[in-house]
Amino acid sequence: MKKEETKIIYYEDELNDEFSTVKIIPRKIEGNFKYQKSFIWELFSYITQNILSMPIKVLYLKIRFNHKFIGKEKIKKYRKENKRKGLFIYANHTQAFADTIIPSMAIYPKRNFYIVNPENISMHHTGPLIELLGAIPIPGDIKSSKNFLKRIENRIKKGYSISIYPEAHIWPYCTFIRNFKSVSFRYPKMYNVPMFTVTNTYQKRKNNKIQIVSYIDGPFYPDNKLSLKENEKKLRDMAYNNMTKRSKNSNIEKIKYIKKESM
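Numbering-wise (the working numbering), the sequence shown opens with residue 5 and increments by one.
It should be emphasised that the hints constitute simulated quantities derived from the structure, not laboratory data.
Owing to the predicted nature of the structure, the values given are computational and were not obtained by experimental measurement.
Take the hints with a grain of salt, since some may be wrong.
Below, computed lysine to aspartate or glutamate pairings styled on DMTMM-like, alpha-carbon distance capped at 25 Å [as the list claims (entries may be wrong)]: (1) Lys210 <-> Asp103; (2) Lys38 <-> Asp145; (3) Lys11 <-> Glu265; (4) Lys233 <-> Glu123; (5) Lys11 <-> Glu257; (6) Lys252 <-> Asp103; (7) Lys264 <-> Asp17; (8) Lys72 <-> Asp103; (9) Lys89 <-> Glu77.
Beta-carbon label-pair distances, calculated as ranges [unchecked claim]: (10) Lys258 <-> Lys150: 37 to 45 Å; (11) Lys89 <-> Arg209: 33 to 41 Å; (12) Lys87 <-> Met194: 31 to 39 Å; (13) Glu34 <-> Asn158: 17 to 25 Å; (14) Lys260 <-> Arg68: 15 to 23 Å.
We put the CB at the ideal spot given by N, CA and C, even for glycine.
Construct the complete structure from the given sequences, taking the supplied hints into account.
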(Lines of atoms letter the chains of each structure in order from A and count residues from 1; the text may use other names and numbers.)
(Lines give C-alpha, C1' and ligand atoms only; values in the text may rest on other atoms or scores of the structure.)
Protein backbone atom coordinates (compact mmCIF):
# COMPACT_ATOMS: atom_id res chain seq x y z
CA MET A 1 0.00 0.00 0.00
CA LYS A 2 1.28 3.45 -0.89
CA LYS A 3 2.37 5.43 2.13
CA GLU A 4 -0.04 8.26 2.92
CA GLU A 5 1.57 11.69 2.98
CA THR A 6 1.62 13.47 6.31
CA LYS A 7 -0.66 16.50 6.42
CA ILE A 8 0.84 19.64 8.00
CA ILE A 9 -1.14 22.11 10.12
CA TYR A 10 0.36 25.33 11.41
CA TYR A 11 -0.89 26.59 14.76
CA GLU A 12 -0.43 29.70 16.87
CA ASP A 13 -2.03 29.02 20.25
CA GLU A 14 -2.09 25.61 21.94
CA LEU A 15 -4.78 26.74 24.37
CA ASN A 16 -7.29 28.19 21.92
CA ASP A 17 -6.73 26.98 18.34
CA GLU A 18 -9.47 24.62 17.12
CA PHE A 19 -8.99 22.25 14.18
CA SER A 20 -12.17 20.20 14.33
CA THR A 21 -14.02 20.30 11.00
CA VAL A 22 -17.41 20.47 12.73
CA LYS A 23 -18.62 24.05 13.28
CA ILE A 24 -21.63 24.48 15.58
CA ILE A 25 -23.13 27.62 17.12
CA PRO A 26 -23.24 26.81 20.85
CA ARG A 27 -26.29 27.33 23.01
CA LYS A 28 -25.82 29.09 26.34
CA ILE A 29 -26.35 26.81 29.31
CA GLU A 30 -28.45 28.88 31.70
CA GLY A 31 -30.08 28.29 35.08
CA ASN A 32 -33.13 26.55 33.62
CA PHE A 33 -31.04 23.81 32.02
CA LYS A 34 -31.99 20.47 33.61
CA TYR A 35 -28.83 18.85 34.90
CA GLN A 36 -30.75 16.63 37.30
CA LYS A 37 -32.69 13.99 35.41
CA SER A 38 -35.75 11.88 36.16
CA PHE A 39 -35.61 8.19 37.02
CA ILE A 40 -37.04 7.28 33.60
CA TRP A 41 -34.44 9.44 31.85
CA GLU A 42 -31.62 7.85 33.87
CA LEU A 43 -32.89 4.36 33.07
CA PHE A 44 -33.08 5.10 29.35
CA SER A 45 -29.64 6.73 29.55
CA TYR A 46 -28.18 3.59 31.15
CA ILE A 47 -29.71 1.41 28.44
CA THR A 48 -28.37 3.72 25.73
CA GLN A 49 -24.90 4.05 27.27
CA ASN A 50 -24.15 0.56 28.44
CA ILE A 51 -26.33 -1.74 26.32
CA LEU A 52 -27.55 -0.35 22.99
CA SER A 53 -24.42 1.62 22.08
CA MET A 54 -21.86 -0.87 23.37
CA PRO A 55 -21.62 -3.05 20.22
CA ILE A 56 -21.11 0.11 18.13
CA LYS A 57 -18.37 1.32 20.47
CA VAL A 58 -16.54 -2.00 20.45
CA LEU A 59 -16.75 -2.47 16.69
CA TYR A 60 -15.79 1.12 15.90
CA LEU A 61 -12.64 1.05 18.03
CA LYS A 62 -11.66 -2.42 16.75
CA ILE A 63 -12.31 -1.88 13.05
CA ARG A 64 -11.26 1.76 12.76
CA PHE A 65 -8.25 1.80 15.08
CA ASN A 66 -7.55 -1.78 16.27
CA HIS A 67 -7.68 -0.14 19.69
CA LYS A 68 -5.69 -1.46 22.63
CA PHE A 69 -5.52 -0.55 26.35
CA ILE A 70 -2.34 -0.74 28.42
CA GLY A 71 -2.89 -0.39 32.16
CA LYS A 72 -6.64 -1.01 32.27
CA GLU A 73 -6.13 -3.19 35.35
CA LYS A 74 -5.26 -0.05 37.36
CA ILE A 75 -8.83 1.20 37.13
CA LYS A 76 -10.20 -2.31 37.75
CA LYS A 77 -8.16 -2.58 40.96
CA TYR A 78 -9.39 0.80 42.19
CA ARG A 79 -13.00 -0.08 41.36
CA LYS A 80 -12.72 -3.39 43.21
CA GLU A 81 -11.40 -1.69 46.34
CA ASN A 82 -13.72 1.35 46.12
CA LYS A 83 -17.02 0.13 44.73
CA ARG A 84 -19.01 3.13 45.93
CA LYS A 85 -16.50 5.85 45.04
CA GLY A 86 -16.21 7.49 41.66
CA LEU A 87 -13.17 8.81 39.86
CA PHE A 88 -12.07 11.37 37.28
CA ILE A 89 -10.40 10.50 33.99
CA TYR A 90 -8.26 13.10 32.20
CA ALA A 91 -7.51 12.37 28.55
CA ASN A 92 -5.95 14.07 25.54
CA HIS A 93 -8.35 15.31 22.86
CA THR A 94 -7.50 14.07 19.37
CA GLN A 95 -10.68 12.40 18.06
CA ALA A 96 -14.26 13.60 17.88
CA PHE A 97 -15.91 10.20 18.35
CA ALA A 98 -13.28 7.81 19.75
CA ASP A 99 -12.41 10.18 22.61
CA THR A 100 -15.88 9.77 24.07
CA ILE A 101 -15.79 5.98 23.71
CA ILE A 102 -12.37 5.10 25.11
CA PRO A 103 -12.96 6.24 28.73
CA SER A 104 -16.32 4.47 28.81
CA MET A 105 -14.64 1.24 27.68
CA ALA A 106 -12.00 1.69 30.40
CA ILE A 107 -14.58 1.90 33.20
CA TYR A 108 -17.22 -0.52 31.82
CA PRO A 109 -19.53 -1.96 33.18
CA LYS A 110 -19.77 1.17 35.35
CA ARG A 111 -21.14 4.24 33.59
CA ASN A 112 -18.88 7.03 32.36
CA PHE A 113 -19.92 10.66 31.97
CA TYR A 114 -17.94 13.37 30.26
CA ILE A 115 -17.77 17.14 30.57
CA VAL A 116 -18.27 18.86 27.22
CA ASN A 117 -18.47 22.29 25.66
CA PRO A 118 -22.09 23.40 24.96
CA GLU A 119 -21.52 22.92 21.20
CA ASN A 120 -21.75 19.17 21.72
CA ILE A 121 -25.41 19.29 22.77
CA SER A 122 -26.48 22.28 20.65
CA MET A 123 -27.81 20.42 17.62
CA HIS A 124 -31.55 19.70 17.91
CA HIS A 125 -31.40 16.20 16.41
CA THR A 126 -28.26 14.86 18.12
CA GLY A 127 -28.02 16.93 21.31
CA PRO A 128 -30.44 14.78 23.37
CA LEU A 129 -28.69 11.59 22.23
CA ILE A 130 -25.28 12.94 23.25
CA GLU A 131 -26.70 13.77 26.67
CA LEU A 132 -28.12 10.26 26.97
CA LEU A 133 -24.64 8.94 26.22
CA GLY A 134 -23.27 10.80 29.22
CA ALA A 135 -22.47 14.37 28.19
CA ILE A 136 -22.54 17.04 30.92
CA PRO A 137 -22.27 20.54 29.36
CA ILE A 138 -20.20 23.32 30.89
CA PRO A 139 -22.48 25.92 32.56
CA GLY A 140 -22.89 29.49 31.34
CA ASP A 141 -24.00 31.39 34.46
CA ILE A 142 -23.97 31.22 38.27
CA LYS A 143 -27.24 29.31 38.70
CA SER A 144 -26.34 26.70 36.08
CA SER A 145 -22.89 26.38 37.69
CA LYS A 146 -24.49 25.33 40.97
CA ASN A 147 -26.63 22.75 39.19
CA PHE A 148 -23.61 21.56 37.21
CA LEU A 149 -21.62 20.91 40.39
CA LYS A 150 -24.58 19.07 41.93
CA ARG A 151 -24.67 16.82 38.88
CA ILE A 152 -20.93 16.11 39.15
CA GLU A 153 -21.27 15.32 42.86
CA ASN A 154 -24.24 13.03 42.23
CA ARG A 155 -22.37 11.05 39.56
CA ILE A 156 -19.27 10.66 41.74
CA LYS A 157 -21.29 9.53 44.78
CA LYS A 158 -22.86 6.79 42.66
CA GLY A 159 -19.41 5.44 41.84
CA TYR A 160 -19.33 6.55 38.20
CA SER A 161 -16.41 8.08 36.34
CA ILE A 162 -16.31 11.53 34.80
CA SER A 163 -14.03 12.18 31.85
CA ILE A 164 -12.43 15.56 31.23
CA TYR A 165 -10.40 16.74 28.24
CA PRO A 166 -8.18 19.51 29.64
CA GLU A 167 -6.81 20.42 26.20
CA ALA A 168 -10.42 21.55 25.50
CA HIS A 169 -10.10 21.61 21.68
CA ILE A 170 -9.87 18.70 19.24
CA TRP A 171 -6.59 18.46 17.32
CA PRO A 172 -7.07 15.37 15.13
CA TYR A 173 -4.26 12.81 15.39
CA CYS A 174 -2.05 15.13 17.47
CA THR A 175 0.85 13.12 18.91
CA PHE A 176 2.00 15.51 21.62
CA ILE A 177 0.29 16.83 24.74
CA ARG A 178 -0.66 20.47 24.44
CA ASN A 179 -0.37 22.97 27.24
CA PHE A 180 -3.60 23.13 29.27
CA LYS A 181 -5.02 25.10 32.17
CA SER A 182 -5.31 23.83 35.74
CA VAL A 183 -8.93 24.85 36.44
CA SER A 184 -10.47 21.46 35.59
CA PHE A 185 -8.22 19.73 38.13
CA ARG A 186 -10.12 21.09 41.12
CA TYR A 187 -12.67 18.28 41.09
CA PRO A 188 -10.64 15.43 42.67
CA LYS A 189 -10.00 17.66 45.71
CA MET A 190 -13.60 18.90 45.83
CA TYR A 191 -15.02 15.39 45.93
CA ASN A 192 -12.07 13.59 47.57
CA VAL A 193 -11.55 11.00 44.84
CA PRO A 194 -8.54 10.24 42.63
CA MET A 195 -7.86 10.96 39.01
CA PHE A 196 -6.55 8.65 36.31
CA THR A 197 -4.98 9.69 33.03
CA VAL A 198 -5.71 8.14 29.65
CA THR A 199 -3.14 9.00 26.99
CA ASN A 200 -4.16 8.04 23.47
CA THR A 201 -1.16 7.40 21.22
CA TYR A 202 -0.88 6.64 17.50
CA GLN A 203 1.21 3.64 16.54
CA LYS A 204 2.08 1.89 13.29
CA ARG A 205 0.15 -1.07 11.98
CA LYS A 206 0.62 -3.17 8.88
CA ASN A 207 -0.19 -1.57 5.52
CA ASN A 208 0.55 1.90 6.95
CA LYS A 209 -2.61 1.86 9.04
CA ILE A 210 -2.79 3.51 12.44
CA GLN A 211 -3.56 1.91 15.79
CA ILE A 212 -4.66 3.81 18.88
CA VAL A 213 -2.98 2.52 22.02
CA SER A 214 -4.38 4.05 25.22
CA TYR A 215 -2.17 4.14 28.31
CA ILE A 216 -3.95 4.29 31.66
CA ASP A 217 -2.10 5.61 34.71
CA GLY A 218 -3.13 6.28 38.29
CA PRO A 219 -4.70 6.58 40.71
CA PHE A 220 -3.37 10.05 41.51
CA TYR A 221 -4.84 11.42 44.75
CA PRO A 222 -5.32 15.02 45.86
CA ASP A 223 -3.16 16.16 48.75
CA ASN A 224 -5.31 16.93 51.79
CA LYS A 225 -2.58 19.18 53.18
CA LEU A 226 -2.85 21.52 50.19
CA SER A 227 -5.53 24.06 49.34
CA LEU A 228 -7.92 23.68 46.43
CA LYS A 229 -5.82 26.02 44.29
CA GLU A 230 -2.56 24.26 45.20
CA ASN A 231 -4.11 20.89 44.36
CA GLU A 232 -5.27 22.21 41.00
CA LYS A 233 -1.71 23.01 40.03
CA LYS A 234 -0.17 19.88 41.50
CA LEU A 235 -2.64 17.52 39.82
CA ARG A 236 -2.44 19.46 36.56
CA ASP A 237 1.34 19.12 36.51
CA MET A 238 1.15 15.42 37.40
CA ALA A 239 -1.28 14.80 34.56
CA TYR A 240 0.65 16.88 32.05
CA ASN A 241 4.03 15.31 32.84
CA ASN A 242 2.65 11.77 32.87
CA MET A 243 0.69 12.20 29.63
CA THR A 244 3.66 13.85 27.94
CA LYS A 245 5.83 10.88 28.84
CA ARG A 246 3.25 8.42 27.50
CA SER A 247 2.67 10.44 24.31
CA LYS A 248 6.26 9.68 23.26
CA ASN A 249 5.08 6.15 22.45
CA SER A 250 3.40 7.56 19.33
CA ASN A 251 5.53 6.57 16.34
CA ILE A 252 3.49 7.70 13.36
CA GLU A 253 2.11 11.11 12.35
CA LYS A 254 -0.94 11.35 10.14
CA ILE A 255 -1.05 15.09 10.84
CA LYS A 256 2.01 17.10 11.87
CA TYR A 257 1.42 20.25 13.90
CA ILE A 258 4.03 23.01 13.58
CA LYS A 259 4.01 26.25 15.56
CA LYS A 260 4.09 29.27 13.26
CA GLU A 261 6.84 30.95 15.27
CA SER A 262 9.20 28.13 14.37
CA MET A 263 8.76 28.56 10.62
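Against the structure, the hints:
no., hint, result
1, Lys210 <-> Asp103, "holds (23 Å)"
2, Lys38 <-> Asp145, "holds (14 Å)"
3, Lys11 <-> Glu265, "holds (19 Å)"
4, Lys233 <-> Glu123, "violated (28 Å)"
5, Lys11 <-> Glu257, "holds (8 Å)"
6, Lys252 <-> Asp103, "holds (19 Å)"
7, Lys264 <-> Asp17, "holds (9 Å)"
8, Lys72 <-> Asp103, "holds (13 Å)"
9, Lys89 <-> Glu77, "holds (17 Å)"
10, Lys258 <-> Lys150: 37 to 45 Å, "holds (42 Å)"
11, Lys89 <-> Arg209: 33 to 41 Å, "holds (37 Å)"
12, Lys87 <-> Met194: 31 to 39 Å, "violated (21 Å)"
13, Glu34 <-> Asn158: 17 to 25 Å, "holds (20 Å)"
14, Lys260 <-> Arg68: 15 to 23 Å, "holds (21 Å)"
Consistency note: the structure conflicts with the earlier hints numbered 4 and 12.
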